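Q: Chains as they are written, first to last, in the numbering used here: chain Y, 1 to 192; chain H, 1 to 180.
Possibly wrong hints are sitting among the right ones.
Said to hold, decoys possible - Just so you have them, the derived chain Y footprint on chain H, three or more residues with Cβ under 8 Å:
#, segment
1, 110 to 124
2, 134 to 141
Said to hold, decoys possible - Selected chain Y positions facing chain H (Cβ under 10 Å, derived; list incomplete):
#, residue
3, 44
4, 79
5, 86
6, 90
7, 91
8, 94
9, 102
10, 169
11, 172
12, 173
13, 174
14, 175
15, 178
Calculated directly from the structure, the hints in this document are not laboratory data.
The structure displayed is predicted, hence computed values, not measured ones.
No residue lacks a Cβ here, since even glycine has one placed at the ideal position from N, Cα and C.
Chain by chain, the residues run as shown.
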Amino acid sequence: MKTRLITSLLLSLAIALPSLATAADYTIDTKGAHAFIQFRIKHLGYSWLSGRFNTFAGSFSYDEANPGASKIEVTIKTASIDSNHAERDKHLRGKDFLEVDKFPEARFVSTAYKQNDDNTAVLSGNLTLHGVTRPVKIAVTQIGHGPDPWGGYRRGFEGTTTLKLADYNIDYDLGPASREVELTLSVEGIRQ
Amino acid sequence: MWRNTHQGYGLISIALHWLVALTVAGLFALGLWMVELGYYDPWYRKGPDLHRSIGILLFLVMGFRLIWRWSNPHPVSAGKPLEIKLASIVHVLLYILLFSLMISGYLISTADGRAIDVFNLFSIPALISGFDNQEDIAGLVHQIIAYGLIALVVLHALAALKHHFIDRDRTLKRMLNPSS
């Protein structure tokens, strides 16, 4: 009787305080679309044009006791680019830009995670895009974490970085104001 | 004069034939040229606008041409039975490819539900949109059919020249002079 009580106490403690768990693996919730890979680039220097990649998958691990050991990996289907204009998307998938036939996937694999005292961090890693792999640094903010209403546990981040298109051998001339593209990665992971 | 007879084509059929021939050649050249234009080229937007607008008008013309063809006598063809059979297959294929070409082009521009503006005079709404990668599939089909159609047009023209210079019959002439 006593052992059963202790066991159930421990069990409920384990359920109630899941955040005490160490290094946890999270799957990015692309199924429920609580993750977004968005880009924006200046149009002629007069306005911002926004778009996103609709199809991607990834996972990350995060250890509250040792955030520096966090890792993330995301693979993006380049053909899923969506700027809300079919003819433009067709152009972006073609030979002037992403060449999705030749380079169907883009990938980010982290190499380091430096967390600051607040909820921000710098995530370093290698981005492979258009067949070119280059190191990038992503400014990350942890948005929040905790149990969800359906029995799971979630943790979410947002990261931003800026890429020079020419660095990835994308050299179609969109004008002097449009040589860089901003990427925003919003991810919510469900703990496995 | 206006209508076809069993001896030859009327003025309407002849005018439609050459109008479509010139338009198809023009659209093919425009299409090849416009997809290579740089973003800052003054024709970057004008080229495709023109291509789409003329394409829609061509569709209307081809619709009328089909009705005209079906409601007119067909001139008797010259040549051996096999040649006549081949010619008729090529003619039907020209129609099929041209209609497929125009429909695939329409499916590129309307893939996201946008309408096609025709010279800012009127617009053709999207009927079929939102298929996965519709613009890419329609685009590939459009490109392949365009090359196929032009190859067939070359064959068609060579055959006409063969009738004129080798067989020395009236096949080409009757597409130039309306039958009385």
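Q: Evaluate each hint against the coordinates.
A: Hints, verified against the model:
| no. | hint | in the structure |
| --- | --- | --- |
| 1 | 110 to 124 | holds (count 4) |
| 2 | 134 to 141 | holds (count 4) |
| 3 | 44 | holds (9 Å) |
| 4 | 79 | holds (7 Å) |
| 5 | 86 | holds (4 Å) |
| 6 | 90 | holds (4 Å) |
| 7 | 91 | holds (9 Å) |
| 8 | 94 | holds (8 Å) |
| 9 | 102 | violated (14 Å) |
| 10 | 169 | violated (17 Å) |
| 11 | 172 | holds (7 Å) |
| 12 | 173 | holds (6 Å) |
| 13 | 174 | holds (5 Å) |
| 14 | 175 | holds (7 Å) |
| 15 | 178 | holds (9 Å) |
Hint violations for this structure: numbers 9 and 10, all remaining hints satisfied.
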